[in-house]
Structure formats: C-alpha cells, structure tokens
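Generate coordinates for the entire structure from the input sequences, incorporating the hints supplied.
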Amino acid sequence: MLKSARKNEEKDPEGRMPLAEHLRELRNRLAKAMLAIVLVTVVAAFFYNDIINFFTEPILDSVGCAKSFEQLASEPKDTTCAQITINGLLTPFTLALKVSLMAGVVFASPIWLYQLWAFVAPGLHKSEKKYAYAFVATGVPLFLGGGFFAYKVLPTTAKVLIEFTPFGVDNLLPLDDLLDLVTRMVIVFGLSFELPLLLVMLNMTGIISGKRMAGWWRGMIMGITVFAAVATPSTDPLTMMALAGPIWILYFAATGFSLLNDRRRARREAEGPDDDEASELDLTPEDIGEIESVSANRALPAQADSEHDRINGYDDVT
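Mapping to full-length UniProt numbering: the sequence shown position 136 is 136, numbers consecutive.
Keep in mind that the hints were calculated from the coordinates and are not lab data.
Hints are supplied without guarantee of correctness; some may be wrong.
Straight-line alpha carbon distances no greater than 27 Å define the calculated DSSO-like cross-link-like pairs of lysine-lysine that follow [said to hold, decoys possible]:
{"#": "1", "residue 1": "K126", "residue 2": "K32"}
{"#": "2", "residue 1": "K32", "residue 2": "K130"}
{"#": "3", "residue 1": "K152", "residue 2": "K98"}
{"#": "4", "residue 1": "K98", "residue 2": "K211"}
{"#": "5", "residue 1": "K32", "residue 2": "K152"}
{"#": "6", "residue 1": "K32", "residue 2": "K98"}
Laid out in structure tokens, this is it:
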C-alpha cells in the first residue's frame with residue numbers, strides 16, 4: 001500500500017523535507033496518478049464506441065453520406081458528402097487503445113491533478129495557495145467552455161470544408177484523422193479561452209501591468225479576430241464573431257481585474273508584507289566611516305613574549 005512520505009514523520013510547518021523524502025513522495029504521487037489513469041482507461045475501453053460516436057455523430061449529421069456510392073452516382077453531380085472509413089487490419093484495435101487512453105487521461109484528471117497539487121501545495125504560502133485555487137476554479141470552466149464551443153462549431157466547419165471537394169470525387173474521411181481534428185480543435189479553442197487567465201497570471205507576478213494591457217486593446221481585438229477567422233473556416237461571419245466575442249469580453253475583464261489588482265498591490269506594499277512572507281531588505285551599500293586599527297593578542301603564551309625567536313620564519317611555537 002502506497003503511503004505518503006509526509007505521514008511517516010512529523011510535518012514541518014514550512015513543508016521542508018530531505019531530498020530522499022521528496023523523491024519518495026514524488027514516486028508515490030506518480031504511482032497513484034498512473035494507477036488511476038490505467039483503471040479509468042480499462043473502464044473506458046468498454047465504452048469506446050460510444051465515445052467515438054459522441055464526437056463523430058454531429059459531423060456525420062452535417063456531411064455524412066446516408067446512401068451508398070452507387071446511389072450517390074445516380075444523383076446530381078453537385079451532391080457532396082463524406083463517408084468515415086478505417087484503413088488497415090490493426091487500425092481498429094490501435095484506435096480503440098488510443099481513444100480509451102485519451103478518455104482515461106481526461107476522466108482521471110481530478111485524481112492526478114490532486115496528486116500534483118498535494119505534492120506542490122506544502123511548499124506554498126497561504127496567499128499562493130489562495131491564488132492557485134482561484135486559477136484552477138477559473139481555468140477549468142474556461143477550458144471546458146472553449147472545448148464545448150469547438151464541439152458546437154465542428155458540424156458547420158466540416159460542412160464548409162467538404163464543399164472544397166471536386167465534383168465527381170468521393171470523399172473518404174479516415175476515422176483516426178477525424179478524431180485528431182476534433183481533438184486539436186477542442187484543445188485550440190480551450191486554450192484560446194485561457195488567454196485572459198494567462199494575462200491575469202502575468203499581472204499577478206508583476207510582469208505586465210493593467211495599464212499596459214489596456215494600451216494593447218486595438219492589437220488584441222485585431223489578433224483575436226484573425227484567430228477566430230482562421231479557427232472557424234466558415235464563410236458565415238456570425239460563427240467567427242461567436243468565437244471572437246467571448247474572447248473580447250474575457251480580455252477586457254482580465255484588463256479590468258489587472259487594473260484593480262495594481263491598485264491593491266500598491267496599497268499592500270504600503271502596509272508591509274504578510275506574516276508568512278519575508279520583508280524586503282535594503283541592500284544599498286553604506287559608508288562605514290574611518291577604519292580604526294585594532295591590535296590583536298597573540299594566541300599562545302610563548303608568542304606573548306616579545307623576545308621569543310621565530311622558528312623557521314614562523315612565530316608559532318607548535
């Protein structure tokens with residue numbers, strides 16, 4: 001049974017441990033995280049078909065071919081659709097492993113994130129722990145919101161992309177490529193919603209001020225708009241604005257928070273540090289004044305005698 005190294009000995013109030021204890025603690029945390037991922041992956045393997053259908057069903061409803069190729073050949077040439085395929089004998093098995101492992105990492109994230117937090121938290125100050133809780137509580141909903149938005153715009157995106165297929169050409173969409181596309185879009189949209197949180201973190205560390213962020217608003221609006229246009233290749237401007245609008249709002253919200261945080265930091269510096277924080281030291285060199293010479297007493301009784309002769313050039317009788 002794996003036990004935390006911090007429970008074997010009396011806890012240090014500052015979270016200090018020997019290097020060997022830190023390594024043992026890291027090993028135990030990693031083992032628990034990997035065990036949770038493996039168990040959830042095994043369970044997800046029984047439902048990997050449902051997971052695949054969850055991601056592919058909206059796209060199939062938008063661009064999927066409900067008829068066979070023979071039936072499509074008799075229809076007008078401007079009919080464009082795609083059929084999901086799998087190439088290779090081992091591809092279904094490897095795809096099942098890939099989907100199950102991805103689901104295991106995602107669904108086991110509360111456990112391995114907690115293990116990571118439990119390893120790092122003892123070395124943080126109370127104020128740092130408070131900020132970490134706030135970042136996690138804000139970052140997770142933002143990422144999920146961006147991923148959900150990507151899932152909703154995928155059918156429209158697929159419909160626009162499939163229209164580039166030349167007439168008379170059948171479009172075969174490999175399932176592994178489709179899942180990679182869905183995963184990339186979910187990650188990109190999720191991370192794009194994390195931009196305001198990143199700016200707030202930089203402001204909390206004192207790297208970027210709220211005033212500087214406010215001066216970037218023109219460039220940020222243009223950059224966010226260009227990103228939305230590239231991430232959503234739909235010709236409909238409403239879809240592009242639907243992605244750019246929330247990021248605009250989040251950016252200005254982060255700017256307003258940073259301006260308030262700068263004012264709070266100025267008041268806090270005037271009041272002094274917290275109880276668990278070190279005070280700032282003034283390391284400015286000062287003039288020590290005139291140097292006064294001090295006579296040193298000899299260390300040994302024999303050396304105190306001024307008539308004692310030096311031995312081999314030294315005055316140490318030993």
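Each hint, compared with the structure:
1. Taking the CA atoms of K126 and K32, the gap is about 26 Å. The hint holds against a cut of 27 Å.
2. The hinted pair formed by K32 and K130 meets the criterion: a straight-line CA distance of about 25 Å does not exceed 27 Å.
3. Taken as a hint, the K152 and K98 pair is honoured in the structure, with Cα atoms around 23 Å apart against an allowance of 27 Å.
4. Restraint check for K98 and K211: the C-alpha separation of about 46 Å exceeds 27 Å, so the hint is violated.
5. In summary, the hint linking K32 to K152 is not supported, as the alpha carbons are separated by about 35 Å, beyond the 27 Å threshold.
6. Taking the CA atoms of K32 and K98, the gap is near 21 Å; set against the 27 Å cutoff, the hint holds.
In summary, the structure is inconsistent with hints 4, 5 from the numbered list given earlier, while agreeing with the others.
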